[in-house]
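**Q** Each chain, written out:
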Amino acid sequence: MRYSIPKFWRRRGGYYQILLTRCRACGRIAYFTYVKCPYCGSGDVELIRSSGRGVVEEYTISYYRIEGAEEYLPRIIALIKLSEGVRVAGELVDVDPSEVSEGMEVEAVLRILSSDDPHGLIYYGLKFTPIIKDS
Amino acid sequence: MRRVYVIGSALTKVGRHFNKGYKELASEVIDKAINESGLESVDLVIVANMLSDSILDQLDISTILMQNLGMTKVKVLRVETGESSGLAALEVAWTAIKSEAAENVLVIGVEKATEYPTYKINKVYSKVLDYETETIRNITPPDYAALIMKAYLRKYGLKREDIVEWPIKMHENASRNPYAQLNFKVNHEKVLNSMIISDPIRLLDTFPIGDGAAAIVLTSSKESGRSKAEPVELVYTSSAVSIQVHLRDDLTKLPATAEVVSDLRMKFNEKIINEAAIELHDSYSIYAYLLIEELGLAARGEAPEVVNELEFINVSGGLKARGHPLGATGVYQVAELHKLMTSGLAGRRFDGKYAIAHSMSGPDYNARVALLQRVI
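Chains H and B, in that order, are what the protein sequence lines are.
In case it helps, our numbering puts the first sequence at residues 1 to 135.
In case it helps, our numbering puts the second sequence at residues 1001 to 1376.
Mixed in with the good hints there might be a few duds.
Below, computed lysine to any residue pairings styled on SDA-like, alpha-carbon distance capped at 25 Å [stated by the list, open to error]:
no., chain 1, residue 1, chain 2, residue 2
1, B, Lys1120, H, Ser101
2, H, Lys7, B, Lys1271
3, B, Lys1127, H, Gly14
4, H, Lys36, B, Arg1349
5, B, Lys1159, H, Val100
6, B, Lys1190, H, Leu73
7, B, Lys1098, B, Gly1157
8, H, Lys36, B, Ser1239
9, B, Lys1098, B, Glu1230
10, B, Lys1271, B, Arg1226
11, B, Lys1127, H, Asp116
12, B, Lys1159, H, Asp116
13, H, Lys7, B, Tyr1119
14, H, Lys81, B, Lys1155
15, B, Lys1120, H, Val100
16, H, Lys36, B, Lys1159
17, B, Lys1120, H, Glu102
18, B, Lys1159, H, Ser98
These are computed hints drawn from the structure, not numbers from a lab.
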């Protein structure tokens, strides 16, 4: 099943910016736009926008080939702690695998995630790239 | 309260069955399991299958399967809870018999995972994660296993070479199991030099892709059939759901498994897990270590020290080497434990009272257990 535009379009808010779900009941914040708090189940939630910046907590260099994203190998998949204190898992780009380290500061960047086939949809979303500091 | 008994079980060798479809694979184990049970018929059939819609282009696989096998005089349904579908089917069967909605139930686990090239199967398998937040963003199950393995090594100051015993043990066990997909032995060097999948997870830390079918016949009375197999009681089934990996405070813990383990301990005695033969869900070797700790068989961070002392754990070779026919795996585990407690499996027989099958989907997104007890 391919080429479903509404399925992707509906979630564009969460794909093109980092939105967090803040729960007014338990006070916890979670990455992504949840209908109810994933921790306590309360519907008393609000969406807040993340700064998009964080640090790499853990990462892996992945050679696991998946259809639609074959050309992005190896992928660097990292667990990033955002400045808001919550974690997000995502791809790191624009960096050589040998240069990635825990504690590396990164920020979100819009990139192609995958594509259905040469004539299908191209899916865009956020990946992360190292923050280049002015010297 | 009604009791539930396993009175027949059958399984095929897990592997690349290019010459057989799901109907042929299922038919073989159904005939064997029903024949072993001594029953003439069953009133409910439950099919555990994870990928029929994605891989086989087949919806309602349970109905179509029954039509093809001339078994239209039964109630039938399919159960899917990702990689733990097999134990979920057992859970439904157990509930149906306990509640007196069914007398004799046939549970079939069947999966055809080798119909497409690996990179296509990798993609559909990755959908056991949340498609909208994880899979679409190219995050896959082995990536999480890798992040979890790194967190484990870091937390306990271990090196990668400290956790290679599990796959070696699994391949050793599988070498004696005629139903295992990978029946060759491996050593430290082979594990550590195998291809990197998602660093530090290597090929020999992961399960092979394979097809398979297994079947179990369950009944409400151990005397109801003329079973050729010694009956074993299915005492209890339980399951739990956990939160996503990025929401967890501690990556080295498996919350859903912790919950089903706690449930087992509360309902039965504390020692039950230590005394049982166990088949656990080692889709990636790191999960075996974490599961050993969640099951209380080792203190936190000490699973690597006890791996070789655990005798009746994954006698089949586990997902690692027996193989992991996805939605069918839980049915394999229970069929194997039934054989291990009765006629024997892989040249061994377990004389203890209890056996536990543990399955999960993805990185413990759900966890399920089935508790078997020898009939005294």
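**Q** If a hint holds in the structure, say so; if it does not, say that too.
**A** Now for the hints, and whether the structure bears them out:
no. : hint                     : verdict
1   : B:Lys1120 with H:Ser101  : 31 Å, violated
2   : H:Lys7 with B:Lys1271    : 49 Å, violated
3   : B:Lys1127 with H:Gly14   : 19 Å, holds
4   : H:Lys36 with B:Arg1349   : 49 Å, violated
5   : B:Lys1159 with H:Val100  : 20 Å, holds
6   : B:Lys1190 with H:Leu73   : 24 Å, holds
7   : B:Lys1098 with B:Gly1157 : 47 Å, violated
8   : H:Lys36 with B:Ser1239   : 22 Å, holds
9   : B:Lys1098 with B:Glu1230 : 20 Å, holds
10  : B:Lys1271 with B:Arg1226 : 34 Å, violated
11  : B:Lys1127 with H:Asp116  : 16 Å, holds
12  : B:Lys1159 with H:Asp116  : 40 Å, violated
13  : H:Lys7 with B:Tyr1119    : 23 Å, holds
14  : H:Lys81 with B:Lys1155   : 18 Å, holds
15  : B:Lys1120 with H:Val100  : 29 Å, violated
16  : H:Lys36 with B:Lys1159   : 40 Å, violated
17  : B:Lys1120 with H:Glu102  : 31 Å, violated
18  : B:Lys1159 with H:Ser98   : 19 Å, holds
Against the hints set out earlier in the document, violations occur for numbers 1, 2, 4, 7, 10, 12, 15, 16 and 17.
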